[in-house]
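Engineer: What follows is the residue order along each chain.
There are 2 protein chains.
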Amino acid sequence: MYTIKDVALKAGLSQATVSRVINNHPYVSEDKKQAVQRAMEELGYVPNSSARRLRNIKTKKVAVLISRIVNPFFSQLVDAMEQKAAKHGYQLILCNTRINPEKELEYFELLQSKQVDGIILAAAENKWEAIAPFTRYGTVIYCNEYDPDATVTRVRLDQVEGGYIGTKHLLDKGHRKIGYCQGNDSSVSVNRRRGYLKAVTEAGIEPNPEWMFKDIFTIDNGREIFRRIAAMDDRPTAFFTGSDEVAAGMIKEAQLNGWCVPDDLAVVGFDDQPIATLMDPQFTTINQFTSDIGEKAMEVMLEIIEGKRENKAEDILLPLKLIERQST
Amino acid sequence: MYTIKDVALKAGLSQATVSRVINNHPYVSEDKKQAVQRAMEELGYVPNSSARRLRNIKTKKVAVLISRIVNPFFSQLVDAMEQKAAKHGYQLILCNTRINPEKELEYFELLQSKQVDGIILAAAENKWEAIAPFTRYGTVIYCNEYDPDATVTRVRLDQVEGGYIGTKHLLDKGHRKIGYCQGNDSSVSVNRRRGYLKAVTEAGIEPNPEWMFKDIFTIDNGREIFRRIAAMDDRPTAFFTGSDEVAAGMIKEAQLNGWCVPDDLAVVGFDDQPIATLMDPQFTTINQFTSDIGEKAMEVMLEIIEGKRENKAEDILLPLKLIERQST
DNA sequence: TTTAGTATTGAAATCGTTTTCATAATGTTA
DNA sequence: TAACATTATGAAAACGATTTCAATACTAAA
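Residue numbers (full-length UniProt numbering), protein chains in the order written: chain A, 1 to 328; chain B, 1 to 328.
Everything hinted at is true.
Same chains, same label: a pair holds when it works inside one copy or across any pair of copies.
When the alpha-carbon atoms are kept at most 25 Å apart in a straight line, the in silico DSS-like pairs for lysine-lysine are as follows:
#1 Lys-103 x Lys-87
#2 Lys-103 x Lys-60
#3 Lys-103 x Lys-61
#4 Lys-60 x Lys-312
#5 Lys-87 x Lys-308
#6 Lys-10 x Lys-33
#7 Lys-296 x Lys-60
Worth flagging that the hints you see were computed from the coordinates, not collected in a lab. Note that the structure is predicted; figures quoted are calculated from it, not measured.
Kindly generate the complete structure, drawing on both the sequences and the hints.
Structural biologist: In structure tokens form, the structure reads like this:
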């Protein structure tokens, strides 16, 4: 493993000159520059970036924290971010927190140790007060998830609206008994529930806690929820699932049990993932323009990093759209 | 941002002693240890890990390079790796190369600069000779993809076998005109094609290059392939797609055009992703026990890092299994 | 021919750690 | 009591880069 010293020696010049060549400083004569480059080439020299970072060089890397990479929403989000970052010469580093608050916090070491210039929080298991201390080491913004106390930019959707339009759609179709699923108590889930409750109560309906489920994330969870409601005496005729994965599982399991969707059970998903158009029936869902969110979040992050934008408490809201298909 | 110097000053001790406390060295008296810890606490001190890394401290981080995070196969693979790594106190860092050789190579900077202890290559756009120089900076192994020249461990599947059993299954069902899709010319694709060709020629059939497609990755690609073959005069009656995403797109598009699967077109996927059981018909595919691959690869990586295993040219093969469903 | 400015280079200080080496204090054995 | 470990500590030298400062060479203006 060669160092700058070896290069300097080989080129018959000082470390300072070699460093100047590496960093494209002016005031290096053409011939010395070439000599240095040749020496680097011959040795296969690569600067040690730990050493460089010690001298406060930007890393041109951004980390994204997500909770569950197996959720296609996150895959797509990250993919869009990555593309945007690459376009600006930045690398994206992906960290999967598995909905574990400690793990989420551990990844902030990347910031502290200057391995990344910024962190995009697309998962938020920790309170803002736990995150805040890290902001002095680099840029932190939220994307999709957020903490209301946060004093940084939040690129997100109006999830209250999301919950509202999904539920309203079912009400408009004449349903009065509408079930609801959510993940954990994240900001997204909490707000969506608010929207659901708003729509339901507006329609003069008393929400039935029996029909509201928590910690529901996967296709298998969706299947299970179907079985739970199928076993009920008084059961919902429609379901707002908050996730296309859950919707897919629920619909499939219903069909396997001889139910007809939407006649026996109407289902609304969330995300407009590919699965929504692949299943039969193609199902109604809410498109949140995932790629746009990812792209916008990365755009904002890069602007802040490069000093072109201030990182203040600000919500950047992106649109949501109900896509009606055959499951409702 | 406080340094070890500040802590030393505050505790009335030397930097060396502080460092010893940080690193749990023996030979530090209990009272000084407490004093140091108190000082660190009060200042909110965190060691600068760039500086630490300069002195060759292990990072307890492993990077995984994948080509396409939106492919559920990779999401699942990574998820399994992450779980295994976490169990051993390691962090996983995910890098999406987007099938771009330069990007793939750029991520090796993480190794060079000691930001990770090892890299698992689940994408292999570069030749081994391009990768080899980096091996002196840390551990490199392959997972799923590989380069035959590589002199490191490869955790993978017998893809020739995979291509063979998928095609053989269609032959056994009486098909003689079997189409084939692959991604780019990766080791996985190349070997799978070998298996396909072996099965076909064994059956005395001349493979038809018209029915063999390349650079096919996505659901939309699958849809397009259907349209291409539908427009042919002489068309295949069955398809080995090499991917559940492609199979899903193809089946859906066929149905939208009034074809019946499997009667008008039989389709075999690859991966046994959730989608394979959600669609109607549920489709035949090849289960490659994705989680097992990820888990095994991470296990091997950690063993090598911790010196319990030698990193030599060795293939660790995991099983494949054809899952027959209703699409064939 | 001075004088001033600009281009070019290297020695040495610096970044924040860990580690080596030296020294001192204490305990243990013969 | 002498000789030798063992424990505890700090000063200073790494690690591999960048950057400051000073020195020199060259050019253009006065």
